[in-house]
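Peer 1: Assemble chain Z with the ligand onto chain W, guided by the hints.
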Amino acid sequence: MIERVVVMPGPGTVIRYGGIVIWADPSASPALVSFLTQSARNLAASTRGGRQIADHIAEVLANRDPEPGVAFVVMGPSDHGWASLMHGPVQAWDGAQWLSPRPSPGWLQAILTPQPSVTVGRAGTPMPTLHPDSMLDFEAGVVPGAGFVLVPTPDRRLRTGRPADTGAAGAAEAAQAPAQAIPAAPAADEDEATELLSTAGVAPAAQPVAAAGVALAAQPDATAGVAPAAQPDAAAGVAPAAETDDTPGEAPATQVLPALGGARAAGPLAAGAGAAPESQPPPQGEPSPGLPPAVAGPGTLGSIDLRAVGAVPATPLPIGVGPDKPVAGAAMVAGVLCPRGHFNRPGTTACVRCSMAIPPGSADNVSGSRPPLGVLVADDGAVYRLDAGYLVGSDPVHDPTVSGGLARPLELPGDNVVASHAEIRLHGWDVTVIDRGSPGGTHLFEPGAGEWTRVKPFEQRRLRPGTHVAFAQRIVTFAAPWIAEDTPR
Amino acid sequence: MRSKIADYRVIEVVPPANDGARRYLCRPPERLGADEEPVLVTEISVDAAGWRPLTDLLVRLASAGSAHLVRLLEVGPDPDAGGGLYLASEASAGGGVADPATPLDGPGRLRALADAARGAHGMHEVGVAHGAIGPGSIVMSERGALLAPPPLGGPPGLVLRAGGWKDVVTVYPGLLRGEEPSRASDVWSLAATLHGLLSDRPLYRGMESDPPVTAIQRVIFARPDVDPSLPAGVAATIASCLESDPALRPATAAELADRLDATEMGG
Ligand SMILES: [Zn+2]
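Keeping their order, the protein sequence lines are chains W and Z. Those letters in the first sequence? Residues 179 to 667, by the working numbering. Those letters in the second sequence? Residues 11 to 277, by the working numbering.
It cannot be assumed that every hint is accurate.
Said to hold, decoys possible - Below, computed lysine to aspartate or glutamate pairings styled on EDC-like, alpha-carbon distance capped at 16 Å:
(1) Z:Lys176 - Z:Asp115
(2) Z:Lys14 - Z:Asp57
(3) W:Lys503 - Z:Glu190
(4) Z:Lys176 - W:Asp558
(5) Z:Lys176 - Z:Glu152
(6) Z:Lys14 - Z:Glu40
Said to hold, decoys possible - Restraint-style ranges between C-beta atoms, simulated for each label pair:
(7) Z:Thr224 - W:Met510: 31 to 37 Å
(8) W:Thr527 - Z:Ala77: 44 to 50 Å
(9) W:Pro617 - Z:Pro63: 36 to 42 Å
(10) Z:Pro221 - W:Gly525: 54 to 60 Å
(11) Z:Ile21 - W:Thr331: 50 to 56 Å
(12) Z:Ala103 - W:Pro501: 39 to 45 Å
(13) Z:Ala77 - W:Pro189: 45 to 51 Å
These aren't lab readings, by the way, just hints derived from the structure by calculation. Remember, it's a predicted structure, so these values are computed and weren't measured experimentally. Beta carbons: idealized from backbone N, C-alpha and C, even for Gly.
Extracted from the complex, chain W is given alone in its bound form (with noise of 0.2 Å):
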C-alpha cells in the first residue's frame, strides 16, 4: 500500500508501523506519542487502519481534547484513499491542495488523494519538493523528524475521491499546483479530490460537526442521555456503509486498538478490539430504547483497555533458565562456556547459572557478550542488576552522564551524599568506583579488611565481591556470583 515514507529532518516524532503513518510535534506529550505509537502497531496490518484509527481519535476528541495545542497527524489506508485525522497547527499537501484544520486549535478528519504523494509537516513550515529518485524510505518505527512524505503504490495514487464537504466549520483551503512543486502558501480552490470528512472546533467548548459518518462522542460535562442524537454507537450505525468497522467476530484477534479511555465503549474500534461493549441502563429520567450504551464521562487520553485485548504474537519464554540473554549495549569480553553454553568469567570451575563443573582449560578464551556482573545492594534493600554502569547520588538523574545515556542512577539520598556522588562502572569483567571528588567522599570496606579506606578522588577502584562501599553515610554492598582470583575466601 505504501512505496515509502520520507521522513523530514526536524523536529518532532515520525512514527509508522505497516500502513499507518503519524507525526507528531515535539510538545506532545509521552502519553500521546506513546498512544499513537500502538495504535500505529495494533492496526498496521488492517487495511482501513488509517480510517479506525481517525475515528477513534475523533471520538475523544469530541469528549475533550487533553492537548489541544499539540500537532499530529495520523494517517492510513481506508477503503476510499488515505484517511487522516490532522489536530492542531499542522499541513497536508497532497499534490493538489492544502489542508490543516481551522481553528486552531482544532482538528480535521479527511481522506486524502496523494497526487503522487502526501507530505505532511507543522502548518507555517516549508515543505521540501521530494526527489522523484530518492532512496530515502522509513519502514517501521519510531524517529525524530518535523514531518514525512507518504507515497503510496501507484493503485492507490490515482484513485478518486468525492466532492467535499467544505461546510464544515470552513476547513481547507486547496491549491492548483503543478504535482512536483509544493506552492509556498495555502490558496483557496473549490475543485479537489481529497474529501473531507468533518472538522471540530476547539473541544469541548464548540459544537462538534457531525459529517459523513464520523462518529462524534458526546460531550463530557452534559451528562450522558441529554443529547441522545450525539451517542456515539447512534453515529457509528448511521455511519455509510462502505466505512463501517469490523464486528467482534470479524476482527482479527491481533488488531488491537488501545482504547482512548471513554471511547472504549463507544466507538465501532472498540469492538474491533475484540470486546463488545458492555451494556449499561440507560441514563435516567431518559429512556432511549434501542439507543445503545452512552458514554458517561471522558477517559485520560492514552488509556489502553486491558480488557480488549485479544490475542497477541508473543514468544512464550525459554524451558528452564534458557539460554544467557545478552544484555544490550554490554562489551564484548573474553570467558569460558560451560558444557551448557553458558558464559563464564575466566577461571571459573562451576557455571554460575547452571552449577555444571568446567573443566580447565575446556573452551577457553571464547569472546562473548558480558553477562551481569553481579548487584549493588544498597543498605535500604533495593537491590541494582549490575548489567550496567550506574551515578550514586542524591540526585543523579540530572547528572550528563545518565541523561547522557551513559550510566543508570541510583538514587541515595542522605546526609553528605551530593547529587552525583560517585560513579559505578563496568570494565571488563571487573566492577570498579570513582568518586567524583565528593566532600563527604567514598570509602571501601573490603572483605577481611579490618578498616574503612578512603578512595581518592577520580581514582578507578576495582571491587571485589563483598566490598561495603561507603558514599557518605549510605551503604552499598558489592555482590557477585564471581570470586575474583585475589579474593580470600
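Peer 2: Relative to chain W, chain Z with the ligand alone:
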C-alpha cells in the same frame, strides 16, 4: 492521600508491598462498566522511554489465557503523579495467600500454589517472567488463587526492594547474581513460597535474624534447606524445584502445578 487517580475515586490506600509501588482501592469510573465494583489501582513510576515497553508488556500479560492471573483492566497515564502510569486491576476480596480471609488448611495451600503456578505458566507462555513471586503476589479469589502482575516500573536496573528477610527468602538466587527472571526462577520462587506457607522455619537456616543485606548474601551463597518435618511428598516436590541444576527442576510452572495436584499432604 490522593482522592483520585485519573478518573478513579480512591476508597482507601492499600498497605504497601515490597515493590515500593503505591496501591489504592478505588471506585472505577462508570465508563469501565464494572458495576462500581472496587478495583485495585497501582501507581507505576516510569519515565517517557519506559512507557511503551511497559504498555506492551501489559498488553501481552492481558492476552495471557489463564484464569489464575489477576485480571488487568486498564493502563493509562497518571499526570498527577509526575508523568507515570496507573494500572487498574481486579481487586480480590479473599486476601493474600499467607493471610487469607478464609483460612486455608494444608491441602488448600497446596491447591493455592498449584493455581498460582498455572497463572505463572500462563505468563510464561506469553513471554513474561514474573520475577517476584512470593506470598505477597498470590491473592485468593472465587476463582481460587490468582497470581498478581509482576512489579512494574521503578528505577532502571532495580531487581527488588527488600524490607526484611521475608522479601528475600523466596527470591531465586540467580536474580541476585544479576540474571533476568525466567521460567526456572519463577518455579523456584513458587516452591520457596510454598515452603514458607507450610513450615514455621525459614528455607535458609538462621535467616530469621538476618537484616536484608545479610539475607541477600545468604541467598546468593547458601543452599536452601527444606524443612524435613514436612510431609515427604511435599518436601520432595519443593526440593525438586530448588535443585542447583535447573535441568533437574520441573521444566515449566505447569509441570509444577501438576505435581502439586498429585502431592498428598499426608495428613
Ligand atoms: Zn551453565
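Peer 1: Evaluate each hint against the coordinates.
Peer 2: Taking the hints in turn, this is what the structure says about them:
Between lysine 176 of chain Z and aspartate 115 of chain Z the CA atoms are separated by roughly 21 Å; this puts the pair beyond 16 Å, and the hint is violated. Only pairs whose Cα atoms come within 16 Å are accepted, and lysine 14 of chain Z paired with aspartate 57 of chain Z is rejected, the gap being roughly 21 Å. A threshold of 16 Å between alpha carbons decides the hint, and for lysine 503 of chain W with glutamate 190 of chain Z the separation of about 8 Å falls inside it, so the pair holds. Between the alpha carbons of lysine 176 of chain Z and aspartate 558 of chain W the distance comes to roughly 15 Å, so the proposed pair stays at or under 16 Å and holds.
Proximity of lysine 176 of chain Z to glutamate 152 of chain Z is assessed by CA-CA distance (about 27 Å); at most 16 Å being required, the pair is judged violated. Of the supplied pair hints, the one linking lysine 14 of chain Z and glutamate 40 of chain Z holds, its CA atoms being roughly 14 Å apart against a limit of 16 Å. For the hinted restraint 31 to 37 Å between threonine 224 of chain Z and methionine 510 of chain W, the CB-CB distance of approximately 35 Å keeps it satisfied. Between threonine 527 of chain W and alanine 77 of chain Z the Cβ separation comes to about 45 Å, which falls inside the hinted range of 44 to 50 Å.
The hinted range of 36 to 42 Å is satisfied by proline 617 of chain W and proline 63 of chain Z, whose Cβ atoms lie roughly 38 Å apart. Range check, proline 221 of chain Z to glycine 525 of chain W: about 32 Å between beta-carbon atoms, so the 54 to 60 Å window is missed. Isoleucine 21 of chain Z and threonine 331 of chain W have their C-beta atoms about 54 Å apart, which keeps the hinted 50 to 56 Å range intact. One distance hint, 39 to 45 Å for the beta-carbon pair alanine 103 of chain Z and proline 501 of chain W, holds here, with the actual separation near 42 Å.
Evaluation of the 45 to 51 Å hint for alanine 77 of chain Z and proline 189 of chain W yields a pass: the beta carbon distance comes to about 48 Å.
Taken one by one, the earlier hints fail for this structure at numbers 1, 2, 5, 10, listed in ascending order.
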